[in-house]
Amino acid sequence: MLTFLSACSTTPDKVTLLPDADGKVGAVVVRSATDEQLINKAYAGVDVAQGGAMEKTTSSQASVQTRYGELLAARPPRPMTFSVNFLFDSATELAPESISTVEKLKAALSTWPAPHLVVIGHTDLAGSQQLNDRLSMRRAQTVAAFLIKEGIPAQQIETAGRGKREPLVPTADGVANPLNRRVIITVQ
Amino acid sequence: MQSHAIKYALILACWCMAVADACAADVAGVVKTLKGTAHIERAGGVSSVAIGSEVYSSDRIVTGAQSSIGITLRDNTLLSEGANSVLELNKFAFNTTTYDGALDATIKRGSLAVVDGKLAKANPNSVRYNTPTTTLGVRGTEFIIEVGGNGERAQ
Numbered sequence: 001m002l003t004f005l006s007a008c009s010t011t012p013d014k015v016t017l018l019p020d021a022d023g024k025v026g027a028v029v030v031r032s033a034t035d036e037q038l039i040n041k042a043y044a045g046v047d048v049a050q051g052g053a054m055e056k057t058t059s060s061q062a063s064v065q066t067r068y069g070e071l072l073a074a075r076p077p078r079p080m081t082f083s084v085n086f087l088f089d090s091a092t093e094l095a096p097e098s099i100s101t102v103e104k105l106k107a108a109l110s111t112w113p114a115p116h117l118v119v120i121g122h123t124d125l126a127g128s129q130q131l132n133d134r135l136s137m138r139r140a141q142t143v144a145a146f147l148i149k150e151g152i153p154a155q156q157i158e159t160a161g162r163g164k165r166e167p168l169v170p171t172a173d174g175v176a177n178p179l180n181r182r183v184i185i186t187v188q
Numbered sequence: 001m002q003s004h005a006i007k008y009a010l011i012l013a014c015w016c017m018a019v020a021d022a023c024a025a026d027v028a029g030v031v032k033t034l035k036g037t038a039h040i041e042r043a044g045g046v047s048s049v050a051i052g053s054e055v056y057s058s059d060r061i062v063t064g065a066q067s068s069i070g071i072t073l074r075d076n077t078l079l080s081e082g083a084n085s086v087l088e089l090n091k092f093a094f095n096t097t098t099y100d101g102a103l104d105a106t107i108k109r110g111s112l113a114v115v116d117g118k119l120a121k122a123n124p125n126s127v128r129y130n131t132p133t134t135t136l137g138v139r140g141t142e143f144i145i146e147v148g149g150n151g152e153r154a155q
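Quick note, the sequences are listed as chains X and R, same order.
Be aware that the first sequence starts at 1, since it is given in the numbering used here, and climbs by one per residue.
Be aware that the second sequence starts at 1, since it is given in the numbering used here, and climbs by one per residue.
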């Protein structure tokens with residue numbers, strides 16, 4: 001350890017793990033030419049010397065704010081999501097609360113820097129993947145058309161269909177479930 | 001003769017639309033915050049940056065003194081770069097249907113804050129961040145990388 005310290009007069013690279021917005025903490029695996037460390041606690045970190053030697057560090061919210069306040073303030077706004085459901089088994093008729101969803105969406109867009117809307121359709125697990133990919137895309141396009149009609153510029157909107165890959169309610173394959181027939185609008 | 005001209009105009013129009021589509025599909029992200037001065041080096045040229053500027057795979061994003069930039073990638077990954085920083089977006093690809101893709105970025109100098117997006121959650125092994133000395137693998141999280149000293153110039 002002492003030999004490492006004396007060998008490295010330059011400043012080390014520093015990695016610091018932060019808690020997510022909801023307080024959860026993930027993990028980062030840091031690798032150099034000579035060492036590897038896993039960090040998985042909030043404000044834990046690793047210093048990596050030029051030669052690759054690592055030293056674990058512990059920081060705090062206050063010292064991270066002091067050292068990296070401007071960097072953190074420069075982060076883009078966190079993407080916001082809005083959910084739109086469909087009437088019955090339809091790919092074209094939106095549930096009545098869609099109107100108020102669009103009002104909330106427009107309020108968010110009014111202050112959003114260079115807004116981009118990703119409109120992703122989802123299906124339940126009834127039917128083949130191919131069929132559901134097409135159905136989910138149709139749902140996304142229905143919602144996109146609705147948003148455009150409500151005055152959101154078309155060039156801000158991107159559509160995609162995720163088929164049955166990401167059900168809101170997990171079910172066995174082949175099971176119909178109205179809660180899984182939805183479109184998620186993400187504002188980026 | 002005239003019908004030929006129309007035909008070529010149509011072919012050209014289709015070709016232009018195809019090219020525009022290809023470009024739209026290749027956009028990796030969009031600049032969302034900007035303070036001070038920043039520019040993007042792309043294919044030998046340098047372009048200035050504003051909020052709304054598009055970022056592409058292989059771009060080199062450079063900030064000046066007392067400057068910062070924030071970029072949202074298409075998979076919801078949030079990046080911010082601090083002052084005197086150089087970030088190379090070596091590779092970015094993201095499929096909105098399958099969530100397959102790859103993200104490889106190197107912070108050569110300065111500092112980078114990351115909030116993981118859909119790629120890191122769906123497919124953590126496809127996401128990698130680097131410094132001149134270090135490689136980071138992520139498991140769905142938020143973190144900061146600060147490159148020591150002068151970064152790439154020390155290499």
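Keep in mind the hints are simulated off the structure, nothing from the lab.
Remember, predicted model here, so these are calculated numbers, not experimental data.
Backbone N, C-alpha and C define an ideal beta-carbon position, used for all residues, glycine too.
Be careful, since some hints might not be right.
What the hints assert, rightly or not - Simulated restraints on C-beta separations:
1. Pro19/X to Thr97/R: 29 to 35 Å
2. Thr11/X to Arg139/R: 25 to 31 Å
3. Gly45/R to Glu103/X: 41 to 47 Å
Stated by the list, open to error - Subject to a maximum C-alpha distance of 20 Å in a straight line, what follows is the list of computed DMTMM-like cross-link-like pairs (lysine to aspartate or glutamate):
4. Lys118/R to Asp133/X
5. Lys118/R to Asp104/R
6. Lys118/R to Glu70/X
7. Lys91/R to Glu54/R
8. Lys108/R to Asp133/X
Stated by the list, open to error - Covered stretches of chain X (in silico footprint by chain R; criterion: 3 or more residues with CB under 8 Å from a CB of chain R, positions within the stretch not fixed):
9. 48-61
10. 97-109
- Hints the structure violates: just list their numbers, smallest first. Structure breaks hints 6, 8 and 10.
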